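Each protein sequence line maps, in turn, to chains A and B. In this text, residue positions in the first sequence follow numbering that gives the first Met the number 0: the first is 0, and each later residue adds one. In this text, residue positions in the second sequence follow numbering that gives the first Met the number 0: the first is 0, and each later residue adds one.
No lab work stands behind these hints, which were simulated from the structure alone. Remember, predicted model here, so these are calculated numbers, not experimental data. All C-beta atoms, glycine included, are put in the ideal place defined by N, C-alpha and C. Do not take every clue at face value.
[To be verified] Stretch-level coverage of chain A by chain B, calculated; a stretch enters the list once three of its residues show a Cβ under 8 angstroms from a Cβ in chain B:
1. 32-38
2. 80-86
3. 116-129
4. 232-245
5. 256-264
6. 287-294
[To be verified] Cut-off 30 angstroms, straight-line C-alpha distance, at most; resulting in silico cross-link-like pairs (BS3-like, lysine-lysine):
7. LYS70/A <-> LYS338/B
8. LYS294/B <-> LYS174/B
9. LYS294/B <-> LYS70/A
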Amino acid sequence: METAHNDTSEPPLGLFRINAGSCNGCDVELAATAAVSRFDVERLGCRYTESPGEAAIVLITGPLTARVREKALRLHGAVPEPKVTVAVGVCPVSGGVFRDSYAVAGPVDAYLPVDVNVPGCPPRPQAIVAGIAEAVLLWKARRDGVPPPTAGSLPESGGENAAPAGVRGRMRFNAAACVGCRMCAHVCAGSAIRFDEEEAGLRFTLWHNSCAFCALCAHYCRTGALAVTEEWQLAHRHEEQYRLVEQGVVPRLPCAGCGEPLLPVPPELLRVAFRETSPEIARLTALCPECRQKESIGGTRR
Amino acid sequence: MSRTITLGPREVGLEEPMYFRVEVEGETVTGLDVVAGQVHRGMEHLVMKRNLYQNITLLERLCSLCSNSHPSTFCTAVEEIAGICIPARAEYLRAIADEIKRISSHLFNCAVIAHIVGRGTLFRGVMETREIMQETKEAIYGNRMDLAANCIGGVRYDLAPESAAFLGREMERMKAPLDELYRIYATDADLTARTEGVGVLPRRDAVACAVVGPVARASGVAYDVRTKSPYGAYDRLRVEVAGEGAGDVRARTLVRLREARESVSLIEQCLAQMPAEPACLDTLPEIPAGEAIAKSEAPRGELIYYLNTDGTDMPARLKWRVPSYMNWDALAVMLKGEKVSAIPLVVNSIDPCISCTDR
Ligand code: SF4
Ligand code: SF4
């Protein structure tokens with residue numbers, strides 16, 4: 000029975016999982032947060048429950064398939080207010096790799112309020128625990144009827160949360176090395192990358208909430224303009240969701256011949272293509288294809 | 000009097016949403032129908048909207064427990080069409096990734112079995128042992144579930160000498176806990192009482208249902224793609240096929256534990272045999288029009304990919320048959336005559352993957 004309690008003897012907050020059609024990656028990691036002492040959610044004052052009526056925090060995984068939608072919404076509705084909803088993995092936020100399927104009804108926030116997102120595919124258990132910690136703060140504010148605290152300081156990524164070297168975190172874009180070949184966008188399963196032509200140049204945008212963190216873009220990027228970082232701690236309040244982007248503009252420079260704007264060829268590509276460059280090659284890179292053609296016609300044949 | 004009840008994911012204690020319509024007389028199961036589709040994401044439609052590169056990442060998310068088997072089998076089909084021979088080193092690295100995933104997958108299933116029979120401490124113990132594998136995967140591949148190991152023409156990770164030595168040490172670390180788990184699951188009186196003679200699939204029915212993977216091998220059908228039609232590096236590896244005859248929940252669990260131990264040995268063999276050379280072709284191959292079938296032994300059993308290409312980098316058709324699909328039907332045999340309360344245990348003993356069956 001509920002009794003009056005102070006902060007030290009509060010009953011644990013119930014965590015309720017809803018699988019909205021996931022690949023089970025996120026769900027298996029949720030099981031790890033429940034079973035493995037190192038991740039233990041009990042330290043946050045939480046406990047998993049199988050009954051929605053006992054829950055305070057809802058953890059939702061998967062892209063919300065059309066088939067599961069009604070059931071998932073009903074289960075979510077059965078959790079009493081004030082509740083806090085955490086989207087685990089990129090699927091509920093954007094559909095992730097399953098975007099644009101006839102069978103996917105998401106994103107989840109089209110149907111119910113989402114409070115916290117934990118990007119990743121699947122996220123590390125440590126990131127899920129960080130998202131739950133944030134949810135606990137929000138829940139307490141709601142219960143007490145006070146405004147939500149400014150986004151909580153996420154747990155340190157060092158110590159026992161430390162990731163091994165080489166963990167696949169967010170992608171980083173280096174505009175200076177980009178040739179605008181768009182191979183990265185071509186290979187990206189989650190359509191996380193888009194290019195926009197702008198006056199100043201070619202704008203690159205990558206939305207981490209749609210990224211599967213597969214690093215295939217970096218693998219196929221010949222100049223190394225895309226690189227994997229070890230930044231995995233990306234849990235955030237839902238209202239911040241569109242701030243989780245990586246951006247850059249590849250500037251257009253005037254052609255040295257005719258002045259038409261062109262995307263310069265970065266030295267990274269020249270190194271891949273020619274190993275060593277020469278002043279002659281460098282001069283050609285400052286020309287647009289048309290001027291280069293003229294140059295070839297006029298130049299001496301080898 | 001017979002009646003029909005519906006069982007949903009909460010009652011079945013699974014990580015995935017799966018529903019059953021069960022016919023019962025009193026407390027005894029007389030018939031069973033699996034209600035599928037909750038996790039249907041339209042994968043066969045999606046793979047046709049994605050090019051061959053995007054499909055490497057998408058297919059890895061067909062199911063995260065067999066997540067390496069899907070892209071590696073898919074890439075094998077692409078390579079077959081393109082007439083590509085991947086470097087031998089890449090074949091070994093694919094086998095390593097597959098076997099690492101097999102250990103984790105099998106241990107997860109054994110953990111859930113312990114959870115269902117109410118052995119909380121054992122459940123946590125198996126999950127802790129599995130963490131060695133999770134951390135190994137994270138250190139080598141950068142993620143605990145989805146390894147992102149494959150690309151067309153090979154693999155996109157390599158094991159430098161230090162990483163290979165690290166993997167070898169981690170495998171050494173797994174041996175004693177795996178042997179101990181086998182001993183517990185094989186000899187613990189209470190576990191044996193709960194799992195022996197439960198959910199029996201006799202050999203005859205196993206053959207009739209054409210079950211695959213550990214479910215088949217626990218019913219005395221020694222079918223394993225790694226030895227029956229070796230692919231990749233497996234023709235150079237010594238694979239002991241685990242077998243049991245009882246066909247019950249206990250036998251299926253023991254087969255998985257033996258296979259996990261065998262995977263350790265396979266990884267060690269790979270590390271010892273792997274030649275030093277690049278792990279991937281350096282060029283982007285042209286994929287001509289053609290068709291191919293590729294098979295592999297995923298943790299849950301035989302996985303088959305069919306790919307049809309038309310000369311572009313969009314697949315013209317891509318279809319697969321997943322092991323859990325073959326094992327579903329056998330549930331009706333296993334459950335007939337069992338108590339309703341045994342359903343979660345028996346269902347889990349086929350290690351069902353809803354995610355890849357519903358796709
Ligand atoms: S976010 Fe990734 S791991 Fe999680 S359910 Fe979606 S596809 Fe699977
Ligand atoms: S890592 Fe790159 S290719 Fe993979 S999903 Fe993210 S942006 Fe797309």
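Evaluated hints:
1. 32-38: holds (count 4)
2. 80-86: violated (count 0)
3. 116-129: holds (count 4)
4. 232-245: violated (count 0)
5. 256-264: Since three or more residues must qualify, the claim that chain B covers the stretch 256-264 of chain A is violated, with 0 doing so at under 8 angstroms.
6. 287-294: violated (count 0)
7. LYS70/A <-> LYS338/B: Between LYS70/A and LYS338/B the Cα gap is close to 27 angstroms, so the pair holds against 30 angstroms.
8. LYS294/B <-> LYS174/B: holds, 29 angstroms
9. LYS294/B <-> LYS70/A: violated, 36 angstroms
Comparing the model with each earlier hint shows violations of hints 2, 4, 5, 6, 9; every other hint is respected.
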